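Chemist: All chains should be modelled from the sequences, with the hints used to inform the complete structure.
These are the residues of each chain, in order.
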Amino acid sequence: MVKSKKRIIDDVIIAAICLLFVLLCSLPLINILARSLSSPQAMINNKVSFFPVGLNLNSYFYVLKDSAFTRSIWWTAFLTLVCTIISLVMTTLCSYPLIYDSLKGRKFLNSMMIFTMYFSAGTIPNYLLMKQLDLIDKPLVLIIPNCLSIFNMIIMRSFLYGIPESLRESAQIDGGGPFSILIKIYLPLSKPVLATLALFYAVGRWNGFSDALMYVSNPKYAPIQLKLYQIINNLSAIDTAQQEGFASPTASEGLKAASVLFATVPILIVYPFLQRYFISGVTLGAIKE
Amino acid sequence: MKQRKSMQKMALYLKKTWVLYLMMALPVSFAIVFRYLPMTNIAMAFKDYNMFKGVWDSQWSEPLYKWFEVAFTSKDFWYALRNTLILNMLDLAIGFPVPILLALLINELAFRRYKRFTQAIVYLPHFLSWIIISGIAKQLLAPRTGVVNVMLTNVGLSSVNFLTENALYIGTYIALGVWKEMGWNTIIYLAAITSINPELYEAADVDGASRLKKIWHITLPGIRSTIIILFIMNLGRILGSEFDRPYAMSNSLVMNVADVLSTYVYRVGIRGFQFSLTAAVGLFQSVVCIIFLLTANAVAKRFGERGII
Numbered sequence: 026m027v028k029s030k031k032r033i034i035d036d037v038i039i040a041a042i043c044l045l046f047v048l049l050c051s052l053p054l055i056n057i058l059a060r061s062l063s064s065p066q067a068m069i070n071n072k073v074s075f076f077p078v079g080l081n082l083n084s085y086f087y088v089l090k091d092s093a094f095t096r097s098i099w100w101t102a103f104l105t106l107v108c109t110i111i112s113l114v115m116t117t118l119c120s121y122p123l124i125y126d127s128l129k130g131r132k133f134l135n136s137m138m139i140f141t142m143y144f145s146a147g148t149i150p151n152y153l154l155m156k157q158l159d160l161i162d163k164p165l166v167l168i169i170p171n172c173l174s175i176f177n178m179i180i181m182r183s184f185l186y187g188i189p190e191s192l193r194e195s196a197q198i199d200g201g202g203p204f205s206i207l208i209k210i211y212l213p214l215s216k217p218v219l220a221t222l223a224l225f226y227a228v229g230r231w232n233g234f235s236d237a238l239m240y241v242s243n244p245k246y247a248p249i250q251l252k253l254y255q256i257i258n259n260l261s262a263i264d265t266a267q268q269e270g271f272a273s274p275t276a277s278e279g280l281k282a283a284s285v286l287f288a289t290v291p292i293l294i295v296y297p298f299l300q301r302y303f304i305s306g307v308t309l310g311a312i313k314e
Numbered sequence: 008m009k010q011r012k013s014m015q016k017m018a019l020y021l022k023k024t025w026v027l028y029l030m031m032a033l034p035v036s037f038a039i040v041f042r043y044l045p046m047t048n049i050a051m052a053f054k055d056y057n058m059f060k061g062v063w064d065s066q067w068s069e070p071l072y073k074w075f076e077v078a079f080t081s082k083d084f085w086y087a088l089r090n091t092l093i094l095n096m097l098d099l100a101i102g103f104p105v106p107i108l109l110a111l112l113i114n115e116l117a118f119r120r121y122k123r124f125t126q127a128i129v130y131l132p133h134f135l136s137w138i139i140i141s142g143i144a145k146q147l148l149a150p151r152t153g154v155v156n157v158m159l160t161n162v163g164l165s166s167v168n169f170l171t172e173n174a175l176y177i178g179t180y181i182a183l184g185v186w187k188e189m190g191w192n193t194i195i196y197l198a199a200i201t202s203i204n205p206e207l208y209e210a211a212d213v214d215g216a217s218r219l220k221k222i223w224h225i226t227l228p229g230i231r232s233t234i235i236i237l238f239i240m241n242l243g244r245i246l247g248s249e250f251d252r253p254y255a256m257s258n259s260l261v262m263n264v265a266d267v268l269s270t271y272v273y274r275v276g277i278r279g280f281q282f283s284l285t286a287a288v289g290l291f292q293s294v295v296c297i298i299f300l301l302t303a304n305a306v307a308k309r310f311g312e313r314g315i316i
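As you go down the protein sequences, you meet chains C and U in turn.
Going by our numbering, the letters in the first sequence line up with residues 26 to 314, in that order.
Going by our numbering, the letters in the second sequence line up with residues 8 to 316, in that order.
Some hints here could point you the wrong way.
Computed Cβ-Cβ distance ranges for the label pairs, DEER-style [as the list claims (entries may be wrong)]:
| no. | chain 1 | residue 1 | chain 2 | residue 2 | range |
| --- | --- | --- | --- | --- | --- |
| 1 | U | Lys22 | C | Leu106 | 32 to 40 Å |
| 2 | U | Ala18 | C | Tyr143 | 34 to 42 Å |
| 3 | C | Asp159 | U | Ser165 | 49 to 57 Å |
| 4 | C | Ser136 | U | His133 | 27 to 35 Å |
Residues of chain C clear of chain U, computed beta-carbon distances all greater than 10 Å [claimed, not checked]:
| no. | residue |
| --- | --- |
| 5 | Lys90 |
| 6 | Ser92 |
| 7 | Lys163 |
These are computed hints drawn from the structure, not numbers from a lab.
Treat the numbers as computed from the prediction; the structure is a model and nothing was measured.
Every residue, glycine too, gets a C-beta built ideally from N, C-alpha and C.
Modeler: Have a look at this one:
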């Protein structure tokens, strides 16, 4: 009896320490949320910590009125959708043939793909390639060059390996070709891994910054992270705010907070749905032949 | 006759597998164009780049290693190299143990729903971009107006310039890295913990072992090989450099400690048009990185692990 009492106390202490980590990870976001919802006066007086003071949605309205910002959001959403679909197709096309042990040249193709994960040409040679291909400042430069991640391909391949070969063999006896086997047997069983990789690819594109910084100078094609970087570092203002005399630094702090949240919210929305998948994704990624 | 037979065999094989080769064609051509073709541009490191002539028609530099010499005699390059090493080493020293401790804590959590909740929250920062995190940090840590400094001044301490003083910048840089990845990096340890044989814990319970004893004698040895391999692999990446993190967080006041190789290459190369010089720096980094990685892999294998390559 005494022993179990000590156990319970220990459990509570551990739960309390974990609560510290939970707060550490969530309070910064809560502070930004509170700032974005507070009045400029409250922020000038440093009254805002974790609850909004002088609750209002003005910051959001001002950000939404800035057509460059909203266009950037929609453009990035579109990019994310297109990139995720293309990437999933590419990943499937690359990983599925590699699980056929009888495929001649499989080892070579496999090594050829894996090698690119450990040795990349480097920033400057890649930049020069985009110039040579005339992709600089073209929307395609944000879609094509990163449409296949070898790391994700390995995750998918490990998953496909885990599907019993007997299923494939019996389908082959029934006369099914590799493509129909992929469509009818493998893909329906691969929904969890496809969801995981969709999350990885979508987050990667939504959060992507350096390719846009290096390859895109036309503001029309600036994805949200580039736009956000400019806003945070005062390289670009929220237009409507300035027009309406809202240029005092503290007001723009609220606008920055709202802009940060606009870039974060899509991730927060998809996150709970996909959470149960990505853990298996990470552990699959640790298996590398 | 024999030849015909093998031809027939080949035809039969191709009839069954041509679809697979057709599928591979797209990813393979992608890899050739976007991963292997740019490697030819590495030649730039040995040439005097002429924007009008392009990579191929530019003159070879005299001597061939000219740009490496220029890099190694440049103060900015040495700063970037030094900072890359220092920041990565601090990341390893501080960022590596935290996820292990957190994983042990989460594993000991008794309340299942609360455990799930904790995991969901601590994994979240991994999905935020460095741009978002730097935006949050710049607001949170702003002198005078940031909530952290407001709290510090409220308890009578003075306001701290977290992002604009060299030592504090380094501390903040490392702390934010830990903040972003500590939860995510527990996943691999938690997975390793679940594969520990539960009978070991039952036997320890029978012997009346305390919780700490069980952690020390069962859980930690159970994930030992995971820890070793991850540590060695991280050591192999000691000269690698991310771009978004230093680029988003640095500012002109701390450039001397914030500039790393990746941001140096961007600033001097793409913005400053010194393609040959920075291609040489990039090549140096890639080659050293792969040597480190192969060494680390070999060491991991000597420890009886599978390695990663």
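Chemist: For every hint, state whether the structure bears it out.
Modeler: So, going through the hints one by one against the coordinates:
no. : hint                                 : verdict
1   : Lys22(U) with Leu106(C): 32 to 40 Å  : holds (38 Å)
2   : Ala18(U) with Tyr143(C): 34 to 42 Å  : holds (37 Å)
3   : Asp159(C) with Ser165(U): 49 to 57 Å : holds (55 Å)
4   : Ser136(C) with His133(U): 27 to 35 Å : holds (30 Å)
5   : Lys90                                : holds (20 Å)
6   : Ser92                                : holds (21 Å)
7   : Lys163                               : holds (14 Å)
Going down the numbered hints, you'll see the structure goes against none, and every one checks out.
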